[in-house]
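Spelled out, the chains give:
Protein chains: 2
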Amino acid sequence: MSTETTYAELTRWIQRVHALGTVGELLGWDEQVNLPPGAAEQRAGQQAALAEAAHAAASDPRLGGWLTQLEAAAGLTADQRAVVKNARKDYDRATKLPAEFVREKATQDSRGYHAWAKARAADDFAGYAPVLAKNLELVKREAGHLGWAGREYDYMIDKHDPGMTAEVIGRLFGELKRELVPLVREIAASKVKPRADALRGFSTEGQQVFLREVTERLGFDYNRGRIDVSLHPFCSGTGSDVRMTTRFKEHEPLDSLFSSIHETGHGLYEQGLPADQLGTALGIHAGMAVHESQSRLWENQVARSRGFWQCFEPRLRAVFPAQTAGVSTDELYLAINAVSPTLIRVDADEVTYNLHIILRFELEKKLFTGELAVADLPGAWRTAAAELLGLTPPNDREGVLQDVHWSGGAFGYFPSYCLGNMLAAQLWYRALALRPQLEEDFARGDFTWLLGWLRENIHSQGRRYDALELARRVTGEELSPRSLLRYLRERYGALYLR
Amino acid sequence: MSTETTYAELTRWIQRVHALGTVGELLGWDEQVNLPPGAAEQRAGQQAALAEAAHAAASDPRLGGWLTQLEAAAGLTADQRAVVKNARKDYDRATKLPAEFVREKATQDSRGYHAWAKARAADDFAGYAPVLAKNLELVKREAGHLGWAGREYDYMIDKHDPGMTAEVIGRLFGELKRELVPLVREIAASKVKPRADALRGFSTEGQQVFLREVTERLGFDYNRGRIDVSLHPFCSGTGSDVRMTTRFKEHEPLDSLFSSIHETGHGLYEQGLPADQLGTALGIHAGMAVHESQSRLWENQVARSRGFWQCFEPRLRAVFPAQTAGVSTDELYLAINAVSPTLIRVDADEVTYNLHIILRFELEKKLFTGELAVADLPGAWRTAAAELLGLTPPNDREGVLQDVHWSGGAFGYFPSYCLGNMLAAQLWYRALALRPQLEEDFARGDFTWLLGWLRENIHSQGRRYDALELARRVTGEELSPRSLLRYLRERYGALYLR
Chain A
1 MSTETTYAEL
11 TRWIQRVHAL
21 GTVGELLGWD
31 EQVNLPPGAA
41 EQRAGQQAAL
51 AEAAHAAASD
61 PRLGGWLTQL
71 EAAAGLTADQ
81 RAVVKNARKD
91 YDRATKLPAE
101 FVREKATQDS
111 RGYHAWAKAR
121 AADDFAGYAP
131 VLAKNLELVK
141 REAGHLGWAG
151 REYDYMIDKH
161 DPGMTAEVIG
171 RLFGELKREL
181 VPLVREIAAS
191 KVKPRADALR
201 GFSTEGQQVF
211 LREVTERLGF
221 DYNRGRIDVS
231 LHPFCSGTGS
241 DVRMTTRFKE
251 HEPLDSLFSS
261 IHETGHGLYE
271 QGLPADQLGT
281 ALGIHAGMAV
291 HESQSRLWEN
301 QVARSRGFWQ
311 CFEPRLRAVF
321 PAQTAGVSTD
331 ELYLAINAVS
341 PTLIRVDADE
351 VTYNLHIILR
361 FELEKKLFTG
371 ELAVADLPGA
381 WRTAAAELLG
391 LTPPNDREGV
401 LQDVHWSGGA
411 FGYFPSYCLG
421 NMLAAQLWYR
431 ALALRPQLEE
441 DFARGDFTWL
451 LGWLRENIHS
461 QGRRYDALEL
471 ARRVTGEELS
481 PRSLLRYLRE
491 RYGALYLR
Chain B
1 MSTETTYAEL
11 TRWIQRVHAL
21 GTVGELLGWD
31 EQVNLPPGAA
41 EQRAGQQAAL
51 AEAAHAAASD
61 PRLGGWLTQL
71 EAAAGLTADQ
81 RAVVKNARKD
91 YDRATKLPAE
101 FVREKATQDS
111 RGYHAWAKAR
121 AADDFAGYAP
131 VLAKNLELVK
141 REAGHLGWAG
151 REYDYMIDKH
161 DPGMTAEVIG
171 RLFGELKREL
181 VPLVREIAAS
191 KVKPRADALR
201 GFSTEGQQVF
211 LREVTERLGF
221 DYNRGRIDVS
231 LHPFCSGTGS
241 DVRMTTRFKE
251 HEPLDSLFSS
261 IHETGHGLYE
271 QGLPADQLGT
281 ALGIHAGMAV
291 HESQSRLWEN
301 QVARSRGFWQ
311 CFEPRLRAVF
321 PAQTAGVSTD
331 ELYLAINAVS
341 PTLIRVDADE
351 VTYNLHIILR
361 FELEKKLFTG
371 ELAVADLPGA
381 WRTAAAELLG
391 LTPPNDREGV
401 LQDVHWSGGA
411 FGYFPSYCLG
421 NMLAAQLWYR
431 ALALRPQLEE
441 DFARGDFTWL
451 LGWLRENIHS
461 QGRRYDALEL
471 ARRVTGEELS
481 PRSLLRYLRE
491 RYGALYLR
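Chains as they are written, first to last, in this note's numbering: chain A, 1 to 498; chain B, 1 to 498.
It is worth saying that the hints were derived from the structure and are not from the lab.
Just so you know, not all the hints are guaranteed correct.
Treat identical chains as interchangeable: a pair holds within one or across any two.
Claimed, not checked - With a straight-line cut-off of 25 Å between C-alpha atoms, the simulated DMTMM-like cross-links for lysine to aspartate or glutamate are:
1. 105 <-> 9
2. 191 <-> 4
3. 249 <-> 371
4. 249 <-> 205
5. 96 <-> 60
6. 89 <-> 52
7. 89 <-> 331
8. 89 <-> 490
9. 193 <-> 490
10. 140 <-> 440
11. 89 <-> 100
12. 105 <-> 25
13. 140 <-> 456
14. 249 <-> 398
15. 96 <-> 124
16. 366 <-> 440
17. 366 <-> 441
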C-alpha cells in the first residue's frame, strides 16, 4: 500500500476504536443519569463486552503493520507524524500487557474501590493498606511491561499528561509552594470573612434557568451537547455530543453554578476539537493538565471576575429577587471568592486547592521511589497537611482515605489539577495582554473573543503539542507558577489583604 | 474440549454478542430520547463502529467450531439443543452473506428510507418504485445466500417469526377475513358513535401521574426499567433495563395511555425473560408475533375491559376531575373502545387493524411470487382497501406510501401484528378458563394472577418454542383466528350491535 493509503487506513481504524470508546463513555453517562437501580449488573456486562470488543479492535495486528510502515516512511507531514506517534502509544498499551496481567489488574481495580469505600466508612487505613500496596505493585509492573522500568511514576504521569515528568512537576510545585503557603496563611488570618449563610432557598427551577443562561452565554453549544442531573458533576463525550451534569442544592447555589461552569470549560474544549479528526492526535485533547486549564480558566479567572458579575449579578437578582434582597454586591462577590483552608480537597477554594495537590504529589513521588512505605502514609499525610494547610486531620477519613483515585490505581493523576491551574493563569494573562478590555467584554456578556482565542490556540490544536510545548507556543513563556501566584495575589489580595 | 466446556464457551460468546446488540439498542433509545440535534452524524459513526465490532464477534470462526462440535455431540438436553439451533441461525446470518452484499444492502436501506420519505411527501410512487424493486431484489438475494432460494417470502417471515410460513399465515388470515370484513361493516353502520370530543385538556403532568400508576399496577418494574418521552412510542432493552417511551397530547389522553400500556406489555415480556440466559434461546423472546401478543393482550383484552375501568375510572376522575366531569361512564368506555375504519394503519382501532395487515400480507405475498409487479402496487392497494376496509385511498400517501417498513427492506414483518392479535385472544380465553374471575381481579386492581401465568407460560420460556408450538402448549389448541373473532364480537358487539 502507498503511504497515503496506509495513513488513511490507520486513521479510519483509530477513529473507529475511538468511537467505541465514546460509546463506553456514553454508557457511563447513562449509568450516572438514567440507569434503573436494578440494572447495574447488566450494565457491567455490557461494558465488559464493549471493552472486550474495543480491545480487539485496538490490538488488531493490521494496526501494528500500518504503524511500522508509516514510522519508516519518508515525507509524512508534522501532523501525520503526531497522529502516528499517538497511535503507536495507544497500540503498545493495547498489545504489550499480557492478558493475564490485564485480568489481574481489572479484578484488583474493582476490589480496590470496594476496599477503599469500606475502609473510609470505618476509618480503617490498616485494613486498606495491603490493597493499596498491591495497586502500587501492579502499576509498577504495568510500567515495566511498557518499557518504563525505573521511571514508573513518570509513566503514570505521562498516561494522564503526555510529555510531563515528576522532575518538572517537582520543580514547578516547589516554586509554587514557597509563596503559596504564606499567602494562604495571610488570607486565613484576614478579618474579612464571607457570610456563610448569605445565599439560601434557591429553587432548583430558578437555578436551572440561570445556569442555562450563563453556560449558553459562555458559548456552550446546546445543539451539540446537554446538561443533566447526577450525584457527582462531570463532563463526558466529545465533538458534537458533549454531556455535562450538575446537581442542585437549595442552600448552596454557587456550588451548582461553579461546578457547571467548570464542566462548561471542559465541554467547550471538547466541542472545539476538529470534528473530522476525532480520535486521532489532531482531534483529541492534549492531556488532563490542558483539559483542567480550560475548566479552571472559565470557572475561576472568568466566572469569579468583577466583569463577569457586572453582567450576571442583575440577572441573578432578577431570577431570585427575594433570596438576594439582603445580600449586597460586595457580600455576593466575597461569597463567590470565599477562601477558607479545609482538610478536604473537594471542598477547597481555588487558592488552597493547589496545596492539596502538592501534598498528594509529594507523597505519591515518595511512594514510587520507595522513600515512603504504604504503612507510613497516614502519618506522612498528617505531617504534610499541618505543614501545607496548617491543619491536622483528626482521622484518616479526613486525611489519607478521602480520595478515591488511588483505590483504582490512578496514581499520577492529581498533579494535572494544579498544572491546569498554572496554565489557566498563564493563558489568562496572555489573553489580557492581547485584549486588555477582556473584563469589559464580560461585563457586556460577551465572551466570544476569549472563546475564539482558545478555539484557535488550544482547542483546534488537539494533541499536536504536549502541555509544556503548548504553553510555550501560546503564551511565549515556559510553564511556571508565576502567573498563578500573580493572579491569586491580585484577586484575593484585593479582597482579603486590604 | 468436552461438550460441557464447549457449550459454556458458546453461551458466554453469544451472550457477549447479544450484550453488544443491547448496547446498540441503547444508543438507539438515546438517539430518540436524548441526542442533541447536532450529534446525528457522530451517532451514526458510533453505531457503525459498534455494528462492525458486533459483526466481528458474531462471525468469529471459533463460534463455527463450537457449533459444529455441539451439533455432532450426543447427550445435549432439549434446552441446549434449542440454544445451539438458534445460535447456528445467527451464525449463518452473520457469516454467509458476502461482505460486498452487506455493504450494498446497508447503502440501499439508508437510501430507501430517504427515497420513501421524499416520495411520500410528494405523493410520487413512480419515483419510489425503482427503489422498492431494488429492495425486493436484495432481500431475495439475501434469502438465496442463506439457502432459502425459492422460499424467499418464507425466509423474510421466519426472520421475524421463527417457524412461521406464508402458507400458514395465508390460511389463518383467509379464515379471519371471511368473518371480520362483515363485522367491521356492521359496526361502521351502527348508530352508536363515540363522542369525538369527549376528552380534552388533559395536562401532561396529570397524564404522567396516571400513567405511572397504571403501568406500575400492571406489573412493570420501574426498578428494572423506565419511561421517557419520544416522538414515536417504543419499547427497547431487555432483562433488568427495559426502556419504554410515550408522548403526551393534551386532547388525546387515551393515545398516550393505550400506547404506553401496549409498550408495557412488551416491557413485561422482556422483564420476564430469564436474566441469566439473556441472549441465548432460553433468554430471548420467541419472535415478533409472540411479542405482539403480549403488548396486545395488555392493551386490548385487559385495558379495554370493564373490569380494568372499574378500577381505574375513579382514579382517572380523581386526577382529572374537571376534564371528566361531563363524561359519563358509558361515554368514557365507548371512547376507549371506539371503532371507525380509516385508511391509515397506525390510526386504526383494534378491530379494523387486522384488515390493514391482511391487505399488506396479500400484496407482499404476490410481490414475492411475481404475481404482482411493483409498478402495479398502487392500483392493487386501492382495490384491496376498497374490498377490505370499504374505503378507497384518494392518493398514494394514504395508500401504498403510508408505511416505512418496505423502504428498509422489512418485508414479512406486518403479519406479526395480526398473528399477535390472534394469539393474544387465544391466551385470553385460556386464562379466563383457568381463572374465570379475572375481570373481578382487575376491578380490584389486581393483575398478579395474569402476569404470573404469562411469566410462567410465555416469558420464562424464551425462544424454546415457536409461536405455533407455544400456542399449542399454552392453550391446548392450534393457533387460529377463532378466539380473536369471538373476542371482537363479544366486546364490540355488546357496544355497537345491541
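(request) State whether the alpha carbon distance between residue 249 and residue 398 is at most 25 Å within one copy, between copies, both, or neither. (result) within (23 Å within a copy, 53 Å between copies)
(message) At most 25 Å between alpha carbons: which applies to residue 140 and residue 456, within, between, both or neither?
(response) Classified as neither: same-chain Cα gap 38 Å, cross-chain 53 Å, threshold 25 Å.
(message) My question is about residue 191 and residue 4: at a cut-off of 25 Å on alpha-carbon distance, are they close within one copy, between copies, both, or neither?
(response) neither (66 Å within a copy, 76 Å between copies)
(request) Evaluate residue 105 and residue 25 at a C-alpha cut-off of 25 Å and name the case that applies: within, between, both or neither. (result) Answer is within: at 20 Å inside a copy they meet the 25 Å cutoff, but 30 Å across does not.
(request) Give the relationship of residue 105 and residue 9 under a CA distance limit of 25 Å: within one copy only, between copies only, both, or neither. (result) between (32 Å within a copy, 23 Å between copies)
(request) Have a look at residue 249 and residue 205 and pick one of within, between, both or neither, based on CA distance no larger than 25 Å. (result) both (11 Å within a copy, 24 Å between copies)
(request) Up to 25 Å between alpha-carbons, please classify residue 140 paired with residue 440: within, between, both or neither. (result) neither (50 Å within a copy, 68 Å between copies)
(message) As a check of your reading, is residue 249 near residue 371 (CA-CA no more than 25 Å) within one copy, between copies, both or neither?
(response) This pair counts as neither: shortest intra-copy Cα distance 43 Å, inter-copy 68 Å.
(message) Treating 25 Å as the Cα threshold, decide for residue 366 and residue 441: within, between, both or neither.
(response) The answer is neither: 46 Å in one copy and 70 Å across copies each exceed 25 Å.
(message) If the cut is 25 Å between Cα atoms, do residue 96 and residue 124 qualify within a copy, between copies, both or neither?
(response) neither (36 Å within a copy, 59 Å between copies)
(message) Please sort residue 89 with residue 331 into within, between, both or neither, judging by C-alpha distance up to 25 Å.
(response) Classified as neither: same-chain Cα gap 51 Å, cross-chain 71 Å, threshold 25 Å.
(message) Please sort residue 96 with residue 60 into within, between, both or neither, judging by C-alpha distance up to 25 Å.
(response) Cα proximity of residue 96 and residue 60: in one copy and across copies (12 Å, 23 Å).
In this structure, the hints that do not hold are numbers 2, 3, 7, 8, 10, 13, 15, 16 and 17, in rising order.
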